[in-house]
Amino acid sequence: ETGVTQTPRHLVMGMTNKKSLKCEQHLGHNAMYWYKQSAKKPLELMFVYNFKEQTENNSVPSRFSPECPNSSHLFLHLHTLQPEDSALYLCASSPPARGTTDGYTFGSGTRLTVV
Amino acid sequence: KQEVTQIPAALSVPEGENLVLNCSFTDSAIYNLQWFRQDPGKGLTSLLLIQSSQREQTSGRLNASLDKSSGRSTLYIAASQPGDSATYLCAVTPLENAGNMLTFGGGTRLMVKP
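Sequence order for the protein chains is R and G.
Quick note: the first sequence, position 44, residue 37 per the numbering used here, numbers continuous.
Quick note: the second sequence, position 97, residue 130 per the numbering used here, numbers continuous.
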């Protein structure tokens, strides 16, 4: 375990379903991220939260809705997804302050399949 | 806009070889560079982090170098083993205070044959 825990590990959902992905870290980091990894594509940043505030939304469709209730937890709420949204969704955390030697820590990801 | 490129995209070597993975970035205004390993279908494991003021970092059989002015980093793997088979990703953090978002390269898929 890296210190960043993602659940579930695998998820299959229909296009009309609503589901949520969960991410949890207890590393003392205050920045958390959602990334999407599709086959044969570089990792794509989706959302950034610093101190529970969303500071970046990388033109993500509204069918993806993030939530960050505190610095240790991050959710990604999913609704009316499309088959092309099938991918590995990765959560990461990092210390927001410069001057530290810590980098990013990633979770193991949720493999999402939309049918 | 920062672009990160990794060459080669795929590499197959026999066990025991020393090898070098390359990473280049277009904007030298970086805060740090991080190398990750990703096993198939899994998350990313951080291998080495190099601050912009550093030239290299070492961990076991891994050595990463950074030449910020030329926009290059290399990951050297000594005495490769089948367990090293994975995709290796490099990523840079921008120097600007606007954020600490990583820009990733496309990765090098490494296969070490027994």
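Think of the hints as simulated: they come from the structure by calculation, not from any bench.
Predicted model, so just to flag it, every value in this text is computed and none were measured.
The beta carbon of each residue, even a glycine, is placed where N, CA and C say it ideally should be.
Mixed in with the good hints, there may be bad ones.
In silico DSS-like links for lysine-lysine, alpha-carbon gap of 27 Å or less [to be verified]:
| id | chain 1 | residue 1 | chain 2 | residue 2 |
| --- | --- | --- | --- | --- |
| 1 | R | Lys11 | G | Lys146 |
| 2 | R | Lys45 | R | Lys12 |
| 3 | R | Lys11 | G | Lys75 |
| 4 | G | Lys146 | G | Lys75 |
| 5 | G | Lys34 | R | Lys15 |
| 6 | G | Lys146 | R | Lys29 |
| 7 | R | Lys15 | G | Lys101 |
| 8 | R | Lys12 | R | Lys34 |
| 9 | R | Lys33 | G | Lys34 |
| 10 | R | Lys29 | R | Lys12 |
| 11 | R | Lys34 | G | Lys75 |
| 12 | G | Lys75 | R | Lys12 |
| 13 | R | Lys34 | G | Lys34 |
| 14 | R | Lys33 | R | Lys45 |
| 15 | R | Lys33 | R | Lys12 |
| 16 | G | Lys75 | R | Lys33 |
Restraint ranges, calculated between C-beta atoms of paired labels, are given here [as the list claims (entries may be wrong)]:
| id | chain 1 | residue 1 | chain 2 | residue 2 | range |
| --- | --- | --- | --- | --- | --- |
| 17 | R | His70 | G | Ser102 | 42 to 48 Å |
| 18 | G | Ser102 | R | Arg56 | 22 to 28 Å |
| 19 | R | Val108 | G | Ser103 | 46 to 52 Å |
Chain R is faced by these chain G residues, among others (derived, beta-carbon under 7 Å) [said to hold, decoys possible]:
| id | residue |
| --- | --- |
| 20 | Gln67 |
| 21 | Pro73 |
| 22 | Leu77 |
| 23 | Leu82 |
| 24 | Arg105 |
| 25 | Phe137 |
Results for each hint:
1. Distance check on the hinted pair: lysine 11 of chain R and lysine 146 of chain G sit about 43 Å apart at the alpha-carbon level, beyond 27 Å; violated.
2. With a CA separation close to 21 Å, the supplied pair lysine 45 of chain R and lysine 12 of chain R stays within the 27 Å bound.
3. Between lysine 11 of chain R and lysine 75 of chain G, the direct Cα distance comes to roughly 24 Å. Compliance with the 27 Å bound is thereby established for this hinted pair.
4. Among the hinted pairs, lysine 146 of chain G with lysine 75 of chain G is consistent with the structure: their alpha-carbon atoms are about 21 Å apart, no more than 27 Å.
5. A C-alpha spacing of about 31 Å is found between lysine 34 of chain G and lysine 15 of chain R, which places the hinted pair above 27 Å, so the restraint is violated.
6. A hinted pair counts as satisfied when its Cα atoms are at most 27 Å apart, and lysine 146 of chain G with lysine 29 of chain R does not qualify at roughly 30 Å.
7. Taking the CA atoms of lysine 15 of chain R and lysine 101 of chain G, the gap is about 37 Å. The hint is violated against a cut of 27 Å.
8. With a CA separation close to 24 Å, the supplied pair lysine 12 of chain R and lysine 34 of chain R stays within the 27 Å bound.
9. At roughly 21 Å between alpha-carbon atoms, lysine 33 of chain R and lysine 34 of chain G fall within 27 Å of each other, so this suggested pair holds.
10. Between lysine 29 of chain R and lysine 12 of chain R, the direct Cα distance comes to roughly 16 Å. Compliance with the 27 Å bound is thereby established for this hinted pair.
11. A distance of roughly 15 Å separates the Cα atoms of lysine 34 of chain R and lysine 75 of chain G; the hinted pair therefore holds under the 27 Å criterion.
12. Between lysine 75 of chain G and lysine 12 of chain R the CA atoms are separated by roughly 21 Å; this keeps the pair inside 27 Å, and the hint holds.
13. At most 27 Å may separate the alpha-carbon atoms for a hinted pair to count; lysine 34 of chain R and lysine 34 of chain G meet this at roughly 18 Å.
14. Using a Cα cut-off of 27 Å, the hinted pair lysine 33 of chain R and lysine 45 of chain R is violated, with the two alpha carbons roughly 31 Å apart.
15. With a CA separation close to 25 Å, the supplied pair lysine 33 of chain R and lysine 12 of chain R stays within the 27 Å bound.
16. A distance of roughly 15 Å separates the Cα atoms of lysine 75 of chain G and lysine 33 of chain R; the hinted pair therefore holds under the 27 Å criterion.
17. The hinted range of 42 to 48 Å is satisfied by histidine 70 of chain R and serine 102 of chain G, whose Cβ atoms lie roughly 44 Å apart.
18. The hinted range of 22 to 28 Å is not satisfied by serine 102 of chain G and arginine 56 of chain R, whose Cβ atoms lie roughly 43 Å apart.
19. Between valine 108 of chain R and serine 103 of chain G the Cβ separation comes to about 47 Å, which falls inside the hinted range of 46 to 52 Å.
20. This hint holds: glutamine 67 of chain G has a C-beta 5 Å from the nearest C-beta of chain R, less than the 7 Å allowed.
21. A distance limit of 7 Å between C-beta atoms decides the matter here; for proline 73 of chain G the minimum to chain R is near 10 Å, and the interface restraint is violated.
22. For leucine 77 of chain G, the shortest C-beta to C-beta distance to chain R is roughly 4 Å, which falls under 7 Å, so the interface hint holds.
23. With 7 Å as the threshold, the beta carbon of leucine 82 of chain G comes within range of chain R, its nearest partner Cβ sitting at about 4 Å, so the hint holds.
24. Proximity of arginine 105 of chain G to chain R is violated relative to the hint, the smallest CB-CB distance being about 18 Å (cut-off 7 Å).
25. Proximity of phenylalanine 137 of chain G to chain R holds as hinted, the smallest CB-CB distance being about 4 Å (cut-off 7 Å).
Hint check: violations occur at hints 1, 5, 6, 7, 14, 18, 21, 24; the rest are consistent with the structure.
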